[in-house]
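Peer 1: Grab the two chains, each in its own frame, and use the hints to assemble them into the complex.
The listed protein sequences derive, respectively, from chains A and B.
Position in the first sequence (first residue = 1) + 29 = this note's numbering.
Position in the second sequence (first residue = 1) + 153 = this note's numbering.
Note that these hints are calculated values from the structure, not bench results.
There's no promise every hint is true.
Stated by the list, open to error - Each computed EDC-like pair below joins lysine to aspartate or glutamate, with the alpha-carbon atoms no more than 20 angstroms apart:
{"hint": "1", "chain 1": "A", "residue 1": "Lys34", "chain 2": "B", "residue 2": "Glu310"}
{"hint": "2", "chain 1": "A", "residue 1": "Lys31", "chain 2": "B", "residue 2": "Glu310"}
{"hint": "3", "chain 1": "B", "residue 1": "Lys253", "chain 2": "B", "residue 2": "Asp195"}
{"hint": "4", "chain 1": "A", "residue 1": "Lys31", "chain 2": "B", "residue 2": "Glu313"}
{"hint": "5", "chain 1": "B", "residue 1": "Lys325", "chain 2": "B", "residue 2": "Glu380"}
{"hint": "6", "chain 1": "B", "residue 1": "Lys417", "chain 2": "B", "residue 2": "Glu247"}
{"hint": "7", "chain 1": "B", "residue 1": "Lys401", "chain 2": "B", "residue 2": "Glu425"}
{"hint": "8", "chain 1": "B", "residue 1": "Lys432", "chain 2": "B", "residue 2": "Asp211"}
{"hint": "9", "chain 1": "B", "residue 1": "Lys417", "chain 2": "B", "residue 2": "Asp256"}
Said to hold, decoys possible - Some chain A residues near chain B, calculated using beta-carbon distances under 10 angstroms:
{"hint": "10", "residue": "Arg238"}
{"hint": "11", "residue": "Leu248"}
{"hint": "12", "residue": "Gln251"}
{"hint": "13", "residue": "Val255"}
{"hint": "14", "residue": "Arg259"}
Please read these numbers as outputs of a predicted model, since none were measured by experiment.
We put the beta carbon where it would ideally sit given N, CA and C, even for glycine.
Single-letter residue listing:
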Amino acid sequence: MKFLKRLLVAVVIGLVLYALNLAMSKEGLFGIGVPLYQVDLWKLAGINVILAVSLNLINGFTGQFSIGHVGFMAVGAYSSTFMTVYYTQGLEQSLAGAVGAGVAAAIVFLLVIIVGAIAAAIAGLIVGIPTLRLRGDYLAIATLGFAEIIRIVIVNTNRIGAATGFRGAVDPWPGRVTIPAYTNFLWIGIFDVVTIVIIYNIVNSDTGRALISIREDELAAQAMGVNTTRYKVTAFVISAALAGVAGALYGHWRLPHPADFTFVRSFEIIIMIVLGGMGSITGAVLGALVITFLPELLRQLPGEVYNYRLVIYAALLILIMITRPQGMLGGREIGFNWLKRAQRRPEGDTAVGADKGVPIAERDAPTADHAKEVENR
Amino acid sequence: MSGSTEQNASRRTQAESILTEAAHTARSQEVTDTSGAVLRTDKCTIRFGGLIAVNSLDMAVREGEIYGLIGPNGAGKTTVFNLLTGVYEPTEGEIYFQGKRIDSLRPHQIARRGVSRTFQNIRLFPGMTVLENVLTACHIHSRQSLADAVFRTPRFERDEREQREFCLELLKIFGLERFQNEGGTSLPYGNQRRLEIVRALATRPKLLLLDEPAAGMNPAEQEDLIELIRLVRDRFGLTILLVEHNMKVVMGICERIQVLDYGKPIALGLPEEIRNNPKVIEAYLGD
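Looking at chain B on its own, in the form it has when it is part of the complex (with noise of 0.2 angstroms):
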């Protein structure tokens, strides 16, 4: 009797681990899953002299998704961004967007292909107001010509006010329309962060990639960083890839996760996944 209680119990956990383990490989299939994605990367590799930078990076971001880059200093995120956005050219390897090859474009292209993102350290137009900073990412979208600029024809003078209503509206959706007049680098911190995810998004995006957005904000401000690049996306029905080195701002946000360490990807997968993965704590904490 005793006896075969025990076998049903074994058994059962038996059953219940294929099936667990059957659930499982289907949902990292699931995760690892290339097609439909609107930005990839095929065995991405560049080298500066004889450092490898990033090395065979397969990276596939599916539309509409928040999918966040990681690694320790050094790992080469933000040189995959500089490849994505055309600042760098690949060593080796191939970059698509939205089917498309892009690795051999320039940024501007890339750009006008509806890539747009932020930087590291932020690379607002110090010269330049709130509402100038956001009229000039306008730019891919103007359709004034020189001439019209020049002689000032109806022309002219209807794309200049479509911008700026289209520019303030962006503003004011963010919170700084009232700023608009100030010096785009004398803002709080934090609002230049937002000011130059406005930016990035005037230049109407399908991608935004956001570099370290968190990167010296204060824990109320990341809370504010998480629910806008929510907000972003869901209002601009975008896809979204971050790097980020904040790992409450990471965990919050991002459906899915890769992780790089010294150029090489070694895992990739949902937010749960990565916390206990332990090659991605060996990396980060060291042996």
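For reference, chain A alone in the conformation it holds in the complex (with noise of 0.2 angstroms):
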């Protein structure tokens, strides 16, 4: 029946993404169809959607402040194009002749995601395991260390297109030139749900509860028996791959420039998670959205104001933490059961701290046994 139930509402989201994706596409859904430049745009936020939602296991959960997360994006676009273009080339010709060249394409679309969001959780194991032995600001530094090495080292790699950006095959190799063009924005939604399903679900669990007692006291959650170091690192690694799979999807749509992944991107993806308000999922969508979306609105100022829409966007920004410094929605989350919970909140109310004064002996059977038994030595 949960199952039923799960695979309605999926059925329900593939659709509407579906009917989306066409709307975006050239030929457009039932002749509405959505100028290119709005396409682009929420291809970007989707893809940012992914970025700050996974970050937010680290930064919003778990209480580690890392800002390193465009490494790992740069570790899953570059490996999986990297896959795209040198070696599944032949693997997508022989299953297009089975299953037809759109399956094919989806199949190795699929399969080199996995190997970006693979090659990114190495990456986030190999980081994790010593730097997550500091904390706070010691913590941020070194994955910022962490992702400018990154980005070094893919300048400096010429497979990979150094320092021009990866746009294809690099001579002297046989096959395909260039990065497919592979997604679209039904990938990116299919994804951006995956996302927020799998860290929805990590967090409202033993597991979730583990990472949010380290935030909350790391002291404590040892004490009650959380390995805090082996969560920390599972988080990155969580966080990391999914960082990975927005990579790979960015990789396959823009093609990846080392300027993309600079920390100017991480602090991007930082501010979505503060401005939509750490430790909320919803909070971190809304985040990503604002700040993908603001920029772009601002254009649409007339005259001389246009020129100063960085300054007001900044202005905004600042604006927004300083009526709200806990973030728009400031750790809560919004959904059903949230709207239910404000439904119900009335009557709960009247619960609270009505008494405390009860001697414990009193309440409760055994105890009162024991109060006598007292009496009597």
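Peer 2: Below, the structure is given as structure tokens:
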């Protein structure tokens, strides 16, 4: 029953995404077409959602401050495009004969996305084990350093295009010349949903409670039996893998370039989750959307004011942070449960702090027995 | 006549004194007997730079007893707790729990062995509800894997349900179940202390360490606490080690008491012995 319900929800979401994707394609849906500029914005927003929601697992829920998220995205982008440029062409051709070109491309793309995720996860593990012993600012600096190292390695590796960006096979390699443009809005949308579901399910589980306990009080978490180092690394690896997925989607759409993966991008992702509310999944989604669309909306400003749009953008961010320092949602979630709870609230409030001074001996039978026993002594 | 009576009397007093002395040594041997100890430290010492915080501490806590560790401010009581729970590693000496050495283990490993604790300055998880605080402590006994959680398998659902029931039952015993959805740190002080004990119990420990459980409590709350600690020991068959400042609480529940001063153990005995021990009085009141 539960399974059927979930399947139904998945099918509905899939159909909606499929329709949106059609509307965003060249053909359009029932004559409705989305301008290319807006299509690109929605794609970017979708990728940002994956990045923000996954980073939130480390920064928001586990309370560790990482500013190297873009490094994992770069690993995902370059490892997956490396595969499609150099290795998967033959596979795709042989599959195309059996199942058709479209399905073959989908299978290959899914494979290379998984490659990107695994590569980023391994990078997360390698970085996580030594650096997660560090706390606070020190961890932040170490992760920043890691992301820069990745970028410098890319800039100096000719096989993946070095400083000019990766467009296709570098001579003398026979085969595919350019990175195939697999990514469309359907893929991005599906992985948005997958990311949100994975993070939501982790946060609302034993693992999630362990992660949040690390954020709330590391010493107490240890005393309750939580292996804090192991859980920090786990959060790091999961988060890195999802950033790798975002990178793979990005790489097969925009063609990866080292300039896309500077620390500025990392800060952008952090701004998304701080703005949306650390430790809130819906907050991260909201933050990603605002940070993607706000600067573009400001382009609509008329005349002279247009020139000051970036100043206005910065001022708006400052204004939001002054009025809502905990972020727009501040650790809360918006969803069906939230609506339900909002309805229930009035009766729940009356029970709060009604009394406290009743001696424990009067509350429970075994205690009362014991109290008598004490008196008899 | 009168001389012989006097002799008799003196003989009797002599015999009496011999007898009481024998009884006393037997009892003091019993008091200091270390066999059958569930927790034992052997010449445990820790130095922070030049400061010796705990100096050659020998301690043996027996199964099922309530053991008190007292001493003036700065005597090293909380440091002992931190040694026992793996927050610090002793510079010298050994710590055994149930016959196995635990002094080089990390805190979460010691918690897994069955040692749980509360903190002097309450350390509940602030962003969590009362129920979540307790659920988090069930971590050790959780049977769900990460994959179970991601795919919401039947095993995950079953494990969550069982843990929730267990925690609610615990909260009920301590009269906190109606606060289950409140923020843990928004409870009144006495209930926060109580919740911390519930959280410690949710790890299903064999030994419970209570760090100044009566700190900041009024006399009525202290009475409650004494009852609570007894209840915990009797109902869950625990051994309890308690650090406390409040003499009323210590004398009220501890079965044996050890006194620390400047990191050195200076006395060990039954509550009435400790109460009258000149060394202890000196340590507390000064010369």
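Peer 1: Decide, hint by hint, whether the structure agrees.
Peer 2: Outcome of the hint check:
Proposed proximity of A/Lys34 and B/Glu310 is supported: the alpha carbons are some 16 angstroms apart, at most 20 angstroms. Our distance criterion of 20 angstroms between C-alpha atoms is met by A/Lys31 and B/Glu310, whose separation comes to about 11 angstroms. Taking the CA atoms of B/Lys253 and B/Asp195, the gap is near 12 angstroms; set against the 20 angstroms cutoff, the hint holds. At most 20 angstroms may separate the alpha-carbon atoms for a hinted pair to count; A/Lys31 and B/Glu313 meet this at roughly 16 angstroms.
Simply put, B/Lys325 and B/Glu380 have alpha-carbon atoms about 16 angstroms apart, close enough for the 20 angstroms limit, and the pair holds. Restraint check for B/Lys417 and B/Glu247: satisfied, since their Cα atoms lie roughly 16 angstroms apart, inside the 20 angstroms limit. Taking the CA atoms of B/Lys401 and B/Glu425, the gap is near 12 angstroms; set against the 20 angstroms cutoff, the hint holds. The suggested pairing of B/Lys432 with B/Asp211 holds, with an alpha-carbon distance near 18 angstroms, which does not exceed 20 angstroms.
Among the hinted pairs, B/Lys417 with B/Asp256 is consistent with the structure: their alpha-carbon atoms are about 19 angstroms apart, no more than 20 angstroms. Hint status for A/Arg238: holds, given a least beta-carbon distance of 4 angstroms to chain B, under 10 angstroms. Interface hint status for A/Leu248: upheld, as the beta-carbon distance to the closest one in chain B is roughly 7 angstroms, under 10 angstroms. Restraint check, A/Gln251 versus chain B: the minimum CB separation of about 4 angstroms is within 10 angstroms; hint holds.
Hint on A/Val255 holds. Least Cβ distance to chain B is approximately 6 angstroms, under the 10 angstroms limit. Given the 10 angstroms rule on beta carbons, the hint for A/Arg259 holds: about 9 angstroms separates it from the nearest Cβ of chain B.
In summary, the structure agrees with every hint in the numbered list given earlier.
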